[in-house]
Amino acid sequence: MSFVEDKQKIEEGDHVLAWMTRSDVRPIKVQSGELLNNRYGPFKHEDMVGRSFGAQQASSANQGFIHLLSPTPELWSLSLPHRTQIIYGPDASYIVHRLKIRPSSVVIEAGTGSGALTHALARTVSKSGKIFTFEYHESRCEQARAEFESHGLSEIVQITHRNVCEDGFAIDTDIKASAVFLDLPAPWTAIPHLFEHVDRSRAVHICCFSPCIEQVIKNIYALQAAGFQHIEMVENQARRWEGHQTMVRTVEESMDLLRDIRRRRQDGMDFRHGRVEKRKLDNYNPWGKGTRVREGDEGYNWRPVSWMETDIKSHTSYLTFAILPPTSPDKYK
Amino acid sequence: MSFVEDKQKIEEGDHVLAWMTRSDVRPIKVQSGELLNNRYGPFKHEDMVGRSFGAQQASSANQGFIHLLSPTPELWSLSLPHRTQIIYGPDASYIVHRLKIRPSSVVIEAGTGSGALTHALARTVSKSGKIFTFEYHESRCEQARAEFESHGLSEIVQITHRNVCEDGFAIDTDIKASAVFLDLPAPWTAIPHLFEHVDRSRAVHICCFSPCIEQVIKNIYALQAAGFQHIEMVENQARRWEGHQTMVRTVEESMDLLRDIRRRRQDGMDFRHGRVEKRKLDNYNPWGKGTRVREGDEGYNWRPVSWMETDIKSHTSYLTFAILPPTSPDKYK
Amino acid sequence: MEPLNIQANQLILLRLPSQNIKVVKVEPGSIISLGKFGSFRADDIIGDPFGFTYEIDSGMKLSLVDNTIEFDEDDQMGAEQAMTGHKITATGMQQLTSEEIEALKSQGVSGAEIIAKVMEGHAAFEHKTEYSKEKYLKRKKQKFLQQFTPYAIGSTELIDIYLDKDPTRIYNLSPETLALALNMGNIRPGGNYLVVDETPGVLVAAILERIGGEGTITLVHENEHPNLDCLKYLVLSEEERERMIKTINWLELFHPEESEPVRTKTAEELEDLKPSHRRQYYRAKQREENHKEILKRADTCGFDALMVMTLLDLPTLIPQLLRFVGGSRPIVLYSEFKEVLVETTLALQKENRVLAPTIMETRVRKYQTLPGRIHPLMTSRGYGGYLLSALRVHPNRAVNAVGKIS
Amino acid sequence: MEPLNIQANQLILLRLPSQNIKVVKVEPGSIISLGKFGSFRADDIIGDPFGFTYEIDSGMKLSLVDNTIEFDEDDQMGAEQAMTGHKITATGMQQLTSEEIEALKSQGVSGAEIIAKVMEGHAAFEHKTEYSKEKYLKRKKQKFLQQFTPYAIGSTELIDIYLDKDPTRIYNLSPETLALALNMGNIRPGGNYLVVDETPGVLVAAILERIGGEGTITLVHENEHPNLDCLKYLVLSEEERERMIKTINWLELFHPEESEPVRTKTAEELEDLKPSHRRQYYRAKQREENHKEILKRADTCGFDALMVMTLLDLPTLIPQLLRFVGGSRPIVLYSEFKEVLVETTLALQKENRVLAPTIMETRVRKYQTLPGRIHPLMTSRGYGGYLLSALRVHPNRAVNAVGKIS
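Residue numbers (my numbering), protein chains in the order written: chain D, 1 to 333; chain F, 334 to 666; chain V, 667 to 1072; chain A, 1073 to 1478.
If you are wondering where the hints come from, they were derived from the structure by calculation, not from laboratory data. As the structure is a computational prediction, the values presented were derived from the model and not from experiment. Please note that the accuracy of each hint is not assured.
Unchecked claim - What follows is a set of in silico ranges between Cβ atoms, one per label pair, in the way DEER data are often shown:
| hint | chain 1 | residue 1 | chain 2 | residue 2 | range |
| --- | --- | --- | --- | --- | --- |
| 1 | V | Glu905 | D | Gly13 | 31 to 41 Å |
| 2 | V | Lys1032 | D | Asp174 | 50 to 60 Å |
| 3 | D | Ala226 | V | Lys1032 | 19 to 29 Å |
| 4 | V | Arg1063 | A | Phe1326 | 50 to 60 Å |
| 5 | A | Val1307 | D | Gln63 | 25 to 35 Å |
| 6 | F | Pro662 | A | Gly1285 | 24 to 34 Å |
| 7 | F | Asn370 | A | Ala1470 | 17 to 27 Å |
Built from N, CA and C at the ideal position, the CB exists for glycine as well.
Only chain D is shown next, with the shape it has when bound in the complex (with noise of 0.2 Å):
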């Protein structure tokens, strides 16, 4: 299994990103005689050949279950080790689509970074299009190259060891870019060395990635300066909500319940008014600590809410983009 084809079933050799939950993401090459550990035991990988993708498999002491995925970008951004600050979905996929990547296209990226980018970059543009990808640390160089390889995307990914902005793009092969993604500290520095390596005879899209407002001050002028017209920044705010329901509390239990104390207390009764409070409190935590009455549970009434994941990435970075046009015909000079 690779990142470029769909399987269905699982064979020796395949990459799986083995599943626990959202954050326990892990990926493995199945090997027999090898073992997958976590919490719930082993899982032996040779169970795993045959077994259709999106398999849940039991541990070898049945104590927990893993999902058995096929490799895609986003799950890969999940379980990648990260080297550098990740690209997440949200901002990888408008990148994608603003610099109107598409099969076939040729793309430079500097820096590869953590190389979340550069998965989701090689699948759109697949077998026939190119990722010419930069980076300048060599270790985190080595480690995307070995990774693209391990993946499969030695033919789409071409990787470099380079500071592009000290020494610009020029590599053996005549680069002919229609997009460009700069993922830099100085992006205004590597945007003259830009005019050599894309395609003049056609638009070309430009995106420079920086978290900092002083960055995008300069990335602006930088690209006025070299000509890139339509110069927009953006962010990508980005949220995810998971559903959950809410119990439907009604203030005629209330009075019921304080009825009830009341009446225990004109009875004389030994009334212990910790105890029926506690019970119907208990009754009612919807937040897990201490629950007796679970999420949806049967005799209760429900109300569907959806409930905002608790640490949001709130910045990203800011997206500056612009488009170099094509050189003018002559009939223009």
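We have chain D; now place chains F, V and A onto it with these hints.
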């Protein structure tokens, strides 16, 4: 009726906000003999006298109605004449909160602008407090002064025509403010003038309200240079929704329609394809155009949904907050 | 699908300085009018690559605009200066009268130059607040700049076209939400996708763009015929369309047993048919064949993604569609209303055929980027919609018999 | 309620450089420990005005911090420079060892100076990405700065305290949402407010802050006794509390006829009572009197606002509460979940006793403001809740008989 006290019944001379829609709220001063005119025809002021605030009044022609509302800063901000960009509810409330403005606080505001925030500040400091507000634009200043008087706020709000950036905050009264709000093109030029007019025996809270990030950069530097601490810049993102219902239409209904079409054709009926399909779609147009089924009508299933306002205020300004610590006591010198 | 150069008779989109858009057909010999933004000859742009911004000078003459950053009086300033803000120098000049402006225009002075002059003349400009300055500039710019930029029509432009003419037709879908849907759906060349698209085909067009000629879209539709109006904007041959887009209605998908089979005609019978009836017959046969393939896929490997944009009730619909989706393949549902997706999540959670259903929102916030005056746009459109994204998985009975563990 | 100077035995909140908070009682003679951030003598801060940030030097000596902007190696740069970005010069110095750092600390070198030294020494710093630089600085800062800032506890601090220890106790309410609720509720001195607050009293405390000693809060509660735990953090006398906060439970409010009246005791009977029983009797009488007044207000002018924070079902509860609200007075409902407020809106729209119900969200987004590195914080807490805001109005039968016109 003034902005300062709550009343039940409308009397001659009271301020009333006549609500037609959210975007059409008109401030009036009740004077027998006067008329309020809108598309529903005339509404007689004398008919308002003696009614409760909150009453629904029919037009003389009984063709429509308005609601007679008691003025609040929030309603006023819907009805006031826009002289400058308005500071709306979510920003105004956060400013009051973060500046720790309380009943009896003394506040400096510059500039006054349209006076929307001034009204909110005045409500909170109340008669025991004081707002010193400054406006450099003469006619805006005079309009605002007239409004404050008309709204019964003269006791609380003192407005001065002044370019505080050049001429500072010194007036006849000795100002000892605990909170400062600066909505100026260049707040950083006003900051050095503040020191003599704030209460140095306590922590003084400031907020600079600037739309552009470059202004923020200068504000931060000026605040830091002036000895302000705990500098924090934020923006407030506010959204509004309305509750609505959307029709629940199942695929089973859709299949029944397809079966119906098929049956008619097989029966060799003079089937007019367009008509049947059209009817169905009309029934299901929740958007109001040519709708026959009205939202919530019986005989259909509905699901509660929220509609976001269509025009959102995606940016108001950046709010830079900071605290000026009290003068150091001798023991720390 | 998107040619790199402007072709004769192509439908293209023009963006104007007012932020308005206009779809025009580039008919050779015709004159294209942009109303107050002027007119130009179609022939002048045929053959040009996309990517230029044109200015209409006097006599419908076109020139290329060198710089189309939002109009900016500080063009000459360096970045360092730009960052320290700027001040427009009041020159004491009188404001230009409308007559003077018209005179300048007739002399062929460009819109940008006119604005610069008007601004110089606006002595009070430097005393304006940021708010009123921007309103002023925007008004001026929209008034004078006779510029346009042609774009080939792809999914981005389709969304703009529908947002402009009737956002409800695409359920207020935003470009960023569509983009996220495509990535979450893992759309790529060679994939076979099950699609429910009740817009005029925006989702279908976007998927076509991403499969680049290889792969298929199986479109389930509600009425007798699918609505794919928006494909007319694309450069797409009949052959490509038939090869890549298969259609089936709900009844044919869920109750194939109710469909009367197309009776096979003998060679003789066929010869007797009028050519048009013969074509009709082959079409019906092809359609029947397609349906068999679609249903077979459901029983074998399943589709490579389920992509849904419909007003049909998702909480009851989606569970019925899961069996058509391949293992570990994505399910991506769009709704304008988060509430619909919340209920769909709850419906999906009742079974264990989907993993990690998550509701996602993505909203792009645009900035004004005039040097010295950077800030997010003061107002923007609400809406944009939500996505429910999940993966189809195959529950293991042995595991689930033990009870839910995690 | 919030004194301007630190009082002996007051509960105050300390903010630490780690962004942690700590509530401490300023007991004279005690030593207050901040764990790894050091210890200091309570007596040293008693009497000081709030607003200082202290640094703990060796020997628990306190000094005032001059500048507490987020730690910043560019303090000396001018604004112009700051805006052009910065570069930390690599000095080639070796990194400091832990031993060297400890030595510096024992010499009384301040945390800020130590960080500056460590950073100088970190030769690779300038090659780090923005992302890793910030992680690095934050870690360093939290490690070395022995600083704290005392705050009097008001509504802002109460929210911070509960968000810190258990956000569910206040239903994930954010400060900005509370602030908006207070303004939408038109809360001010002299008002009489009907309040449902099932937090430990955060809403009650915030309203108290805004009425400044004049006005009343009528708190409807669910159990026999209201939970007002958080009032213990405020400087509030028993007299103030009893004068401003009236309490009544749901049964007493909706079904006063079910309450057994307190039998009036004769002077003789009273004399026979033990003092504690006599106090109890007077309390019961006072409570009964309060209830009568509350119910009378419902029948006359109504309350000046209805402010609600409860998990009880709002769509069925609120219509029952409308009769207690005065004409043109605000109704402000909080819920963590927009869905609850949507249903409440629909319930309220069925009648015409409320005007313009609107669901509001307000979210404050904080920025990092290091010069040259300004950007919104990379991560933040989800939640914050929603408000439903509306006005109570009096429908006119004559008008409505004509039929809904607009």
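Structure-based check of all given hints:
no.	hint	verdict
1	V:Glu905 - D:Gly13: 31 to 41 Å	holds (38 Å)
2	V:Lys1032 - D:Asp174: 50 to 60 Å	violated (36 Å)
3	D:Ala226 - V:Lys1032: 19 to 29 Å	holds (22 Å)
4	V:Arg1063 - A:Phe1326: 50 to 60 Å	holds (52 Å)
5	A:Val1307 - D:Gln63: 25 to 35 Å	violated (55 Å)
6	F:Pro662 - A:Gly1285: 24 to 34 Å	holds (29 Å)
7	F:Asn370 - A:Ala1470: 17 to 27 Å	holds (20 Å)
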